[in-house]
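Chemist: The primary structure of each chain is shown beneath.
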Amino acid sequence: MVFVVDDDASIRVALSSLIRSVGLEVELCGSTAEFLQKERPDVPSCLVLDVRLPGRSGLDFQRDLAALKVRTPIIFITGHGDIPMSVRAMKAGAVEFLTKPFRDQDLLDAIQLALEQDRARRQQDAKVAALRERFASLTQREREVVAMVVSGMSNKEIAAEVGISENTVKVHRSRAMEKVQADSLADLVKMAERAGKDRPEEAP
Amino acid sequence: MEISRPHLAFRYTAQFWPTLLIGVLVVRAVVSLTLKPTFALLVYNVIVYFLLLLLSTAFAFRNAVQRTVGSRLFWIFMAGGCGLWSFDQWLNVYYGLILRADNVPDNSVADPALFLHIVPFMAAVAIQPQLHRSDQRPSRASLNFLLLLFFWIFLYAYVLFPYQYLFADAAIYNPRFTALYAAENAALVLALGASTLRTKAPWRSVYLHFLGASALYAVSSTVANIGIDAGWMSNRSVIALAQTAAVCWFVWIPLRAGQVPLAGKVTATELEAGDTTLATLLAQISVAAIPLIGMWELLRRHEASGMRTFRLSVVLISVLFLALGVFLREYLVKRDLLADSRKQAEVALRQSQAEMARVARIATMGELTASIAHEINQPLAAVVANGSASLRWLAMRPPNLDEAQEALKRVIQEGNRASGVVERIRGLLKKASPELRPVDVNDVIREVLPLVTTELASGGVALRTALADDVPAVHGDAVQLHQVMLNLIMNAIEATSMISDRPRELLIESATGPDGVLVRVHDSGKGVDPEHLHRVFEPFFTTKPHGIGMGLSIARTIVEAHGGRLWASPGSPFGAIFQFTLPVAEGAL
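Those protein sequences? They're chains A and B, same order as listed. Here the first sequence stands for residues 1 to 204, numbered as in the working numbering. Here the second sequence stands for residues 1001 to 1589, numbered as in the working numbering.
Derived by calculation from the structure, the hints in this document are not laboratory data.
To list a few chain B residues with every Cβ distance to chain A over 10 Å, as calculated: (1) Phe1167; (2) Gln1259; (3) Ala1360; (4) Gly1366; (5) Glu1494.
In silico negatives: residues of chain A with every beta carbon more than 10 Å from chain B: (6) Ala67; (7) Gln117; (8) Ser184; (9) Ala195.
To be clear about the criterion: a stretch of chain A counts as covered by chain B if any three or more of its residues have a C-beta under 8 Å from a C-beta of chain B, and this derived list gives those stretches: (10) 4 to 11; (11) 17 to 26; (12) 92 to 105.
The model shown is predicted, which means the values in this text are computed figures rather than measured ones. The beta carbon of each residue, even a glycine, is placed where N, CA and C say it ideally should be.
Let the sequences and hints guide you as you build the complete structure.
Modeler: Spelled out as structure tokens, the structure:
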């Protein structure tokens, strides 16, 4: 799904036709507010955004979206793009910065790339979500033990710390590894790291 | 042979009158030279002469009525001269054919009429439709004519009148009339000769015919008069034939003028002050010459005292009239010169104002390059995108023709949009004199706004418009009103971009008020210092670091030239309001 945000209706319509001609779905918005109000389906998407918009500029809106944790990849289009502007956009994570009038292939390539990125991110997010679900199924004690294992403590040290026997620690540890489907200690460390950060707050 | 018909018709009208005139002349010659001098022959000759003169009067009059042959005054004078001449000949017809008198009596009005018919011709020559624009003014031309008339009446009254009426003496009167009439004719021929040399085509051909006819008449009439005085002149002689030929030629002058395009425009640059002063000088010399003649008269002791008293009275009255005429002429010349110079000054002022406004417009356009580039680039981007999309729709298997067609339609639409933008900008840049027509103020505002979108965006200014729907049209120049709006909006943006403690806002309103249409530009900017509220419209007054202070001054000049008012007032609670009124175009309500 491609979203186009441009205040110029004729540009919107032209881009819509171009994007639909390669078989992609497109949604048109006359303003950033309209984009925020639109229902965004849970499919790989990208945003084609005009830099010059009434009110806040496209670059400002890029920041707003980041603050809102909306991670739809952005392709900027502008009538008069200068280098500092494009650098700023790209640093903030834009996929592409195109100056009007642009070659159709450049835009379509950028859209494909953005959709690919979004798809990959979505898969990644889905994996992390599954992992977190698995970690969530651990009991309080198991979680405590895993946290200490990951931080590098030995079973003995953990037993001393928590005040249980070393054997009980081993039981908790192997249960936890089974629950999160970790094959080895290294695997568990990696999984805990992945589940711990990048918490997608957007996910339901 | 359908095609050749109009051509034949043209040849027929073009050749008809010359053929007829020559025919009349040939018949006149054959009849006069072969038949015996009977009363019937006299009747024939006198009537032909009279009818020819009537004809020339009629044609000159026709040219005066139809404007197509150039100077109307020229033909009025020609018709006047020919008319007076016809009148003189009518007296010949009356005395000779109706009263059967041997001769027209010397004391009739025939001789003064004959004598004075040359004067309108002289006045016509003085007009010189292609040379003296200043003398083509009816007031001046009539005055020239009156001066000429006074002068020749004076000569007539001084030289001939005493011997015609007071001390009637044919022996003195006749040779004197012959001499003075010859002198008058010679003066006309000389004036015509000089004028013909200076006259350019197409009037030259008219002047050449006028010169030829006058010269032929001058010679033939002088010889005829000598002949009459000496007693050998007759209607059968070659001289009388030459006179008739001259009259035929006079008929031809207005006809010839109808064949050449004379209605050419005379430009103001052909106004020749030097000629005017020469004419004045001649008039002054003649005024001075008359008292000299008077003094000479005083010294002549052998004249009868009645004669002397009469002549001195004539001298004094003539001096009075000529002096009055000269003064009046001088007054008119000065008045016209003054009016001309004032008009030129006004034109120059208007030109410099227009040029100044254009320079200011170009300067504004310079500030607006980013907006303009965007305005043109936007439709071009749409053209490219639509074109590419169309190719892609066509390349599909099977091609989606509907989508391709829609995209191509939009290509055309956007191309037109781009050219519209270029057209508007060219309008703002072009060097054109103001063009007044009904203008919708709302359109002016809407057309200017796209040019300032970049400035609004980069200044972070939020624009609001409140345009009344039913604003009547104003009578004005759209380009200049664009300029006023651009100037006010750019000033407002600049004023608001300096503030940071409140929203940057710009409100543009239009409304109908008691003074016509009201346009108001309200900004939330830093406002105008109350003591500067009036000074901001002064030329070269500026509060901007890089301004030259001409924008508002020019804007006010433009609004006032449209019959409106432009003023500034403090905004509430902050900012400034610049507003102007424009009177409603007639018929727009």
